[in-house]
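Participant: If you want the building blocks of each chain, they are given just below.
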Amino acid sequence: MKELVEKLNTKYALQDIIYQRDNMVFATISKELVIEAITYMRDYEGFAHFVMMSCADWIEDNKFQLTYILNNPQQRCDVALRVMIERENPTMTSAHHLWKQVWTYQREIREAFGIQFPGSPRVEENFVLEGWTDKPHMLRDFDTHEYAEKTYFPRGGRTTNDPATYMREKLYPNQPVTAKKNKNVE
Amino acid sequence: MNIYVKIAYTFLGLMIVLNWGMLMRVTFRKIGARMAGRHGVPFRQPWIDLIKNIAVRTTLTHGVMFYLGPVFRFSGAVGLFLFMPILFGKEAWMNFSFEGDLVLILYFQLFGMLGMALGAGEGGQPHSAIGISRGLAQHAAVELPMTMGIIALAIQYQTLSISEIVAAQQGGFLHWSFFTNPVASAAIMLSALGAFGYSPFNLVKAPNEIPIGPPTEYHGTYLGVLMTSGNILGVMETILFMNLVFGGATNWFELIIKSFLIYFYAVFVGMVFPRFRIEQSVAWFFKIPLLLGFIAILMYSF
Amino acid sequence: MEFINLGNIGLIIGFLLIIVGFWGVLTQKNIIKIIIGFSILNTGINLLIVSLGYVKGKTAPIIDATIATEGNYNVADKIVDPVPQALVLTAIVIGFGITALMLAYAMKLYKAKKSLEINKFNDLKW
Amino acid sequence: MSELNINSKVQEMLERSEQNAKNSEKTFVRPEDEVREVVAPDGSIIKINPLYDYFSGERPKEEKPKNAIVEKFLNWARSESIWVLGFGTGCGSIEIPPLVTPRYDMFRFGVQMRPTPRQSNAFIISGYLSVKTLKRVIRSYEQMPSPKYVIALGSCTINGGMYYDSYSTINRLDKYIPVDVYIAGCMPRPEALLAGFGKLKELIKEGKAEKANEYARNFDEYKANQKKIIKDWNMPDYNW
Amino acid sequence: MVTPIYIVATALGVGFAIGVLNKLGRNFTGGLVLTAIAFMTFISFQWFAGFYSGNQLPEYIFTAGFQPPLSINLLMGPFEAFFSLMVNAIGLVGGIYMFNSLKERGSNAQVVYLILLMGLNVMIMTRDIFNLFVFMEIASISIAGLILLESGTRSMGAGFKYILATSVISSFLLIGVIFAYYFVGSLNIDDLITSNLHLVKGGSIAIFLIMMAVILELKPFPANGWGLDVYEGSDAGLSAVISGASASASLYVLYKLMAIAGPEWNYYISLLGAITFVGSNLLGIKQENTRRMLGYSSIGQLGLLTLIIGFKDILGENTIYIAFGILISHYLAKAGLFWLSGIIKSKGLKGWSVVRKHPFFLFLMGTFVFALIGFPPFPSFFAKWTLVMDLTATGNIAWVVAILFGSMMEAVYLFRWLGYAIKAENDHIEPVKIEWSKIIPVWIAALSLYGIGYYTAQLSEIGSGINFIPFLFVAVLLALDFLPIFIKNTLAIAGMAYYFYTVYPSLDNLRLIFEVIFMVGGILALIAGYAYKGTRSGFYPVAILMYAGLTGIIEANTTLEFFYGWELMTAGSYFLIIRGKRSMPHGLSYMLFSIGGAYALLAAFGMAQVSQISSDLDIINHITYLPQWAYGLLIAGFLTKTASVGLHIWLPGAHGEAESDVSPMVSAILLKAGVFGLVLALIGMGAADNQFSGLAYTLGWVGAITALVGNLMAVFQEDAKRLLAYSSIGQLGYIVFALAIMTHLGWLTAFTYSINHFMYKAILFLTIGAVVLRVGTHDMYKMGGLISRMPFAFIAVLIGIIALSGVPPLSGFAGKWLFYNAVLDKGWYFQGIIVFFAGGIAFLYLWRLIHTIFLGQLKDNHRNVKDISIWFAIPIYILIMGIMVFSVKPEWVLQPLGEILAPYFPNGQVNWVAGSASTALGYWSGTKVFITVVGVFAIAFAFLAISTRKAHKLKQFDIVFSGERPDRPETTHIAWNVFAGFYKAVWPATIPLVEKFWDKVTEMLHDTAGFTRRIYSGNGQAYMLHLVLFVLVTYLVIIGG
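Chains as they are written, first to last, in my numbering: chain R, 1 to 186; chain W, 1 to 302; chain B, 1 to 126; chain H, 1 to 240; chain D, 1 to 1041.
These are computed hints drawn from the structure, not numbers from a lab.
Please note that a few of the clues may not be correct.
[To be verified] Simulated restraints, written as ranges between beta carbons of each label pair: (1) Glu970/D x Thr91/R: 35 to 43 Å; (2) Phe179/W x Phe73/H: 36 to 44 Å; (3) Val913/D x Met299/W: 33 to 41 Å; (4) Phe179/W x Pro97/H: 42 to 50 Å; (5) Pro484/D x Glu125/R: 39 to 47 Å; (6) Tyr166/R x Pro97/H: 25 to 33 Å; (7) Asn864/D x Asp143/R: 47 to 55 Å.
For each residue, glycine too, the CB sits at the ideal point set by N, CA and C.
Make a model of the complete structure from these sequences and hints.
Facilitator: Written out as structure tokens, the structure reads:
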């Protein structure tokens, strides 16, 4: 494992190497090198299985993080490569030629985050939403409440209670409040 | 007998059979519900369903054949009634059975089936077609052992007339074909399971897989006509087997008891056994019932 | 040694030649040798014909002075059967024609394939 | 496999998806819904618009009751014979199966399940409705013959419930299809459902369950609401 | 009379003259040669005419002024005149054909050609055995010389092998001659005959050698590689002359010399002929090279002729008639085919598809092939008929089997070849250049065949009774083939209608039923022909040919007339079937099964004639010689036409691929010919309880299994017409089964089925054919939902399938009802059950037929199709009216049928009381059932129609689709592999065992042929070895035998 990471490091200059487990490592790699790296890993290091590909929106850093997780069935180890890409006009080199399931992951990420994967087959098709016209719904600056209010005829007179507080007041009205306050409740 | 009186009697008989069919079916639904620990539908439910279906306001049509499906089925059911002697020895309840014999009955069963197949096909609904293809395949398999048994009976009684077959079974229950020719009767009654279309032979109308198969597009009045025909057909099947195997009936009470028991037999089996796939059911009919039919005929071949 | 007379010797040699001819025809691969085999075969047959026509103690059927001078008796009694000899003449002519034709073929075949092996010329078969 | 060896099939799909990307940016037309040309056996070319040529797509008409006395009798029959379409839309669909168990036994009220919209007259919207499911619900609802009834189950159908702020679930069902009976709760128990059926029966018997006609009357309004959220409207305006 | 010596003189004189005159140019010399041949032909014709008129007596020509044996003499008798005429005529016509090629090779070649003819003439005429040897050598040398003058290694090799082989043969001959002379003292054939050489000690070896040499000249199997090479390698014109003239001359030499050999040789000659006939035809099936295949055929035909003259003592007077018929057919047809092969210039068989670009070539080629196989009206047909009749009559069954087997093999390769010519791909082949000098000879040969065929028929006593009028009508239509379809169709219909009008009073009722099916059905099917456009070249002659055959078998009074009609029908239907797309292999198998069946009939007719010297068709009612076998053969022969199981594999393809209006002709109508035949045969067998009940029992099982197999296979077809074709097999199975019951009820069932099947199968095939014309595909899964576009077609199919399925109230139920009564009455329960099961299965395919085509989803490309053509609709609706009348008033049909059958089966008739039928077992009142059912139906329909009068009309995708909507009709239509579940249960029954069996037979024959023909190694020496070994083996056999 370590040897592999060393080899990859010398080859592709990894950063932020974190050993999640003995047989699982996370590392950051530059956007230009990632496709080359996973191609190398697939063809020479036995990482035949593409586990998944995910995306996170680091709105504070103005970045998207793409994570490619690969698995080596023989060695039973996983390597996850992170790539940070710019949030403005996000575009990433497609990896559809390496594994067919990448098509679907890229399609999902395009729909949810709006990252473009030029050349990936069927990437423009709907994934879970049909006929979505607004900005990608998984972006953290997409206000889903506002969207729902604008779109779905909200019924007036709605009140919202924190279940914990509400039930406690209802069941044990005389006890003092000790529990932590839930941040999410407005 | 005057032809008008005859027609009146026939109409009356048809009404009795129809209502008996509804009552019988709902009774079995009740029995099934009680087995499951429920109350089940009220006894009036079939009549209410029928009224409701006829009262449905929206009617749709896919074309002329779409009408003909229920019409064929209804004609098939009523025709079966008309050509079948209902009560033995009562001229009024022999209907028009003197116009045709057992062969007519056997082939007339197919009339409704054919029409249903065509009418459902016109709807263009793929599930209908799947259901029909299954139904026809199963029917072809059911027919073989059943006809072997029936032929064996025809050989035994040396006639193709149902009335004469019934006449030959009079004089005590030991004279029934069921006791005089148990092998042929077994072949007929085993394949009768397929004719009734209860589980394990109900893949034709698998409700959740192919939304009830052939009649999936039928609604409203069409469905009402289909339900009516189905109820008549159900009783007529029992009457056919009653006449062939269980000595017929000489009065309505006897008919009701016997047809109830025969129907009970089909429902009972259906309650107990899970559903067959179509190739399994075809294979099943080609095994035991066919063997019995074979033996039944073999006994008369020497 | 009644058996050994000119006619029988001719017969035996004729048969031998026929057999030799057949042997040559059926075993030699070279076309020229086959043609020679046919010549031997023909010679054998011709010899056979002449020998069969031979009658002991008679002369050739040529009406020359030795026979014609004594014109008072039947010529036919003194000569051997003349017909086989006439046949042989014809047969020789025919054989000549055939040999010539075969040789012409041999020449043309050699020109075509530069070979005289008979089993080379099996373009047509089956 | 190390190079980009895209076989011809992939290439073809690639081209098509690029083509679609261009076309579908605004209109959301699926490839199978595009206008296509086929060659007839006699060589002529037939243009086919799948969205219109295959569907009758006419507006629904109001079907008013005629004779009051007869209608009363028929309404009684309708109320005693409620055939429910077996279509579970959301989490509430898990509350329906208990109805056929001995404990609740909806059959005794004449309520039965049917597998096809053509033969059903009641539609239980069981819980939250995503936009995607709404499309199917509209289709199935329109395919049911009138008179037809809708029972909205759970808070989600009333005001969005706990999904009130979701980008993909609707808040108010009655903006899209007319609702006869609301059953509040998250989730309502099967007893509540039985009570809902009772309420529906009452409404039917009183002749107040004529929401199918309301749908036909306010067809344009309903359609506008539906089309507002279903951006890729790839069906006829009314699904017969 | 010009004395025949001038034949020799002319040839020699002109030959020498050309040596002097060759400076005048090759055209001149060529003309001179032709003139000389013409003069020679004139001489032989003059003599032949003299002998034919009976005024002339045979005449000896003595040379050199001496009497034999001292000199050579010639004989000009009737045979000599005939053969000499044949040789000279083909020499003349062939000379015209080869004029240019001879010219290219120079005046020498022209002279050699002339000398060849002279040699053959003298071979025929000479009465001197040594002279025979000389002129045989001259002929051989001439042929070898002519080959030598051609260029090309291949032909040279062939020529060299030829000269080697003939040298060996002549050696044998010469040795034989000299021994003969040694023992007899004379070379004159007449002297040799009178000397009883075969009785002289040692004389038999002389005879043996002479006979062997003569037989070897005829290229007996297997010592004939050299002959094949010559046929393949030499110029086409020369091959024609070798095949026509040289072989004929050799044959006559054999005939001439048989007098010396004595009667004990006859057997061996026949044996060698039979071996040659069977052997070379067997090897022919493996041939892919046209010319070599024709060579095999030539050798085979010569073998047959050898066999015939070996039987001359047994055949007696008829020998000449038989030999003449076969020889003249072979002579003209083979010459014509060789000439054609020179024009087409394609080595491979598939290359012959180019003849389609020249329709008249196709006509010529078809004529020749049919003449070779022995189809009417060619001479070989009458000859083969007489041959088989006489051989069976004298008990030589084994020989008949050999002859028929050999003929069968010949048919295999010739029809395969014809099939390639008609159907194989020909786009890439350039049309051939037409030279008139080459075409005229071919036309002469073809037209002579027709003329001589007619003449041959008139020659024989029973042949003269044949009605040639329908055939003439075919000829007229052929001549008018250029006319537009409307005129021809009208003409054909009018002709058939008029013919029917003139014929029907003369027929008894039984025959009238079938005549109505054939002729009225034919007219109805022809009406559909108006829907076609253009000239539809070649359709009408062959269609009318088939109908001519069909009416021929109905009208037949004699066995020959029956067989004549049978063969005409086969030929016509073959051409009809092969017109369809992709129908080539099916056409071939149809033809082969038909020929096989025809041969079975032939043998059976022969056996029938054994004890009763009569040619009436009635003789099949009283067969006493091996009656089980005779009736078995008769039934088997007819079963090939009814496509019973085992013999059915040709039908699905043939009917399925045929044109839209041809399918009903061949299915609804043609199959009834087999039924008619069976009716005749079974009437002959007599009532059930006799010695033939075992045969009838077997037939019953065959029918039952056929019904099951046909229907079961139909269920799993994806092609609509194939489905109907398999259905036809099943339906014919019912009919065969019902006939086999051999009771009144059984036959009534069979006839009811026959009439019904004619009507509904014609309706179904016409409708489906018309639909196919509109939608352009046979595949059912490519159609669907057509009810909205084609309501009339739908109604027709609906009525058709209800009638076919036997559901009351339509007419099909009549058949079912009678069937049950018949089965129970007879006691054939198991067979009856099988047939019943088959009927149940019929539902599956009938539903599939109507559902996948008319119901379900309409396909995009059929959105604008029109309803079926009015010209198809007219006959369809006429037939529907027929079905309706039958359904409403079944007694109108069944009662007369019962009366017709009463003389044959008086017991157990159906009782009719006021339209109600009853038997000992059951009862049925068709009219009342119809009225009742229609009444109920009408009431229910009226109720539904009124209650849903405001129904909203839906379109095709307005269906419940689980909340989704369909995307395309293709993916929404359940049509492909509909009965998958059923297939999983019954697949073991659908294994095509029969096809596998016939495939295995074919494979075995091909393997045998492929293995055996390896003896033709192409090595000249090996060929000589074959000759020697052949002689040795024959010698051993003769010594031992």
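Participant: Confirm or reject each hint.
Facilitator: Tested hints:
no. : hint                            : in the structure
1   : Glu970/D x Thr91/R: 35 to 43 Å  : 39 Å, holds
2   : Phe179/W x Phe73/H: 36 to 44 Å  : 50 Å, violated
3   : Val913/D x Met299/W: 33 to 41 Å : 34 Å, holds
4   : Phe179/W x Pro97/H: 42 to 50 Å  : 46 Å, holds
5   : Pro484/D x Glu125/R: 39 to 47 Å : 57 Å, violated
6   : Tyr166/R x Pro97/H: 25 to 33 Å  : 30 Å, holds
7   : Asn864/D x Asp143/R: 47 to 55 Å : 53 Å, holds
Going down the numbered hints, you'll see the structure goes against 2 and 5, while the others check out.
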